[in-house]
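Produce the entire structure from the sequences given, and follow the hints as far as they go.
In terms of the working numbering, the sequence shown is residues 5 to 493.
Treat the hints as calculated values from the structure; they're not laboratory data. Heads up, a few of these hints could be off.
[Claimed, not checked] Computed cross-link-like contacts, EDC-like style, restricted to lysine to aspartate or glutamate with a CA-CA straight-line distance of at most 20 angstroms:
#1 Lys286 <-> Asp219
#2 Lys250 <-> Glu274
#3 Lys136 <-> Asp49
#4 Lys454 <-> Glu197
#5 Lys181 <-> Glu387
#6 Lys292 <-> Glu305
[Said to hold, decoys possible] Derived CB-CB ranges, DEER-like:
#7 Gly56 <-> Glu264: 52 to 58 angstroms
#8 Glu305 <-> Trp452: 41 to 47 angstroms
#9 Ala65 <-> Phe15: 20 to 26 angstroms
In this text the structure is predicted, and so the values were computed from the model without any measurement. Every residue gets a Cβ at the ideal spot worked out from N, C-alpha and C, and that includes glycine.
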Amino acid sequence: MVQQVPENINFPAEEEKILQFWSKFNCFQECLKQSKHRPKFTFYDGPPFATGLPHYGHILAGTIKDIVTRYAHQSGFHVDRRFGWDCHGLPVEYEIDKLLGIRGPEDVAKMGIVEYNNQCRAIVMRYSTEWKSTVTRLGRWIDFDNDYKTLYPEFMESVWWVFKQLYDKGLVYRGMKVMPFSTACNTPLSNFESHQNYKDVQDPSIFVTFPLVEDENISLVAWTTTPWTLPSNLALCVNPDMQYVKIKDVVRGKTFILMEARLPALYKLESDYEILERFPGKSLQGKKYRPLFDYFVKWKEHGAFTVLVDNYVKEEEGTGVVHQAPYFGADDYRVCMDFNIIQKDSVPVCPVDASGCFTAEVTDFVGQYVKDADKNIIRMLKEQGRLLVASTFTHSYPFCWRSDTPLIYKAVPSWFVRVEHMVDQLMRNNDLCYWVPEFVREKRFGNWLKDARDWAISRNRYWGTPIPLWVSEDFEEVRLMVFSHVVFY
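Structure (structure tokens):
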């Protein structure tokens with residue numbers, strides 16, 4: 005007898021009935037059993053963190069994944085559909101740091117790494133029950149009993165195996181690069197991670213004067229939105245091919261040098277200044293200036309506090325004179341390296357610790373968080389007569405995807421996987437992939453591949469898969485050793 009369909013259907017109740025039917029007759033397991041001799045359809049279900057609850061994004065992606073795997077099964081394939089859990093990394097450590105009040109590596113050292121990792125291990129599956137309930141209620145067929153976890157030794161060993169293949173091919177190296185850095189998590193992030201969370205913020209916008217040594221009545225004018233980097237200034241940079249001017253400021257009665265195209269950034273009216281001289285930027289190369297602070301004056305011996313030239317300086321913003329703090333900016337680092345202001349083996353001028361606070365070298369601001377120190381640095385510049393203009397500037401700025409705190413850019417030693425040399429090959433392989441929707445191939449993913457940089461894989465953290473390298477203190481000797489409960493590579 006056919007059951008009559010009621011006029012008003014309670015869809016949630018009907019869905020529950022279907023779930024009960026599937027559970028009673030083990031429908032998913034029966035389908036796997038019946039299809040085990042079919043061709044295998046490989047599907048990777050990206051693992052979520054079980055330290056957080058499922059949200060709309062997970063539900064949407066999970067529904068799409070379920071459609072793909074069900075279609076594959078109904079098209080004659082065997083589909084395992086194993087679930088996985090991402091158990092390592094920043095999300096877990098950040099939760100533990102908040103729970104235990106840990107503020108940096110010193111606190112972890114006091115607790116001990118073993119105990120710290122035990123605390124991390126204790127919470128990794130905190131919400132696994134909620135996850136299983138939500139995924140099941142969605143109607144997804146998932147194998148939770150045969151799941152994988154990134155903390156399983158066999159999984160970590162597979163990561164080590166991959167690392168060894170990369171290392172043996174010469175694709176792994178240690179380098180110093182300016183990278184996005186999370187002061188809340190005390191670790192560098194990859195470029196991919198740093199692009200996950202941008203926000204419009206209001207930062208300081210200041211114009212600062214740098215008097216020339218040859219004539220202190222003439223000053224170069226530089227603009228910055230990161231006053232906290234000024235104590236680490238080692239050079240100034242101008243564009244060699246653009247036209248610069250020496251002007252007389254009618255109101256202030258002082259003489260300044262900046263790019264002619266950027267005069268409107270500093271003056272609303274042409275009557276506010278008088279042009280005394282025009283010249284190409286390259287004529288400024290090598291000129292010495294008086295540093296803002298004396299924290300790193302010894303670097304004069306290495307050619308610091310000199311005007312350098314490079315075409316990366318543009319006419320779209322600022323004054324055409326860019327202040328160089330080589331350990332807090334990628335272009336700054338490259339330019340200062342090109343002109344031998346710094347070398348690869350130089351002691352870094354990086355007076356900021358992993359928590360984003362000034363270290364003892366910067367005596368006037370020691371212990372202050374860099375973003376908080378901005379206002380104090382601006383005040384000191386004003387007292388010294390080096391501040392020309394101070395205002396604010398709204399722009400898009402990267403935040404840590406985990407802690408939702410502002411990132412800084414900081415030079416840190418790290419292990420990298422070479423990527424840049426194979427970008428063309430990656431682009432060709434991308435063209436062979438079938439994308440849905442198709443425009444992602446050329447746009448979002450294609451653009452990301454085109455600008456791919458060497459991948460920073462090391463993190464200054466504790467709860468994760470260790471990099472299997474043993475090194476001497478001076479890093480002259482490096483040994484790769486991969487252990488397994490089965491094999492020694």
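Results of checking the hints against the structure:
1. Lys286 <-> Asp219: holds, 19 angstroms
2. Lys250 <-> Glu274: holds, 14 angstroms
3. Lys136 <-> Asp49: holds, 14 angstroms
4. Lys454 <-> Glu197: holds, 17 angstroms
5. Lys181 <-> Glu387: Cα-Cα ~35 angstroms, so violated.
6. Lys292 <-> Glu305: Between Lys292 and Glu305 the Cα gap is close to 12 angstroms, so the pair holds against 20 angstroms.
7. Gly56 <-> Glu264: 52 to 58 angstroms: holds, 53 angstroms
8. Glu305 <-> Trp452: 41 to 47 angstroms: Given range 41 to 47 angstroms: holds, Cβ gap about 43 angstroms.
9. Ala65 <-> Phe15: 20 to 26 angstroms: Since Ala65 and Phe15 have Cβ atoms about 22 angstroms apart, the given range 20 to 26 angstroms holds.
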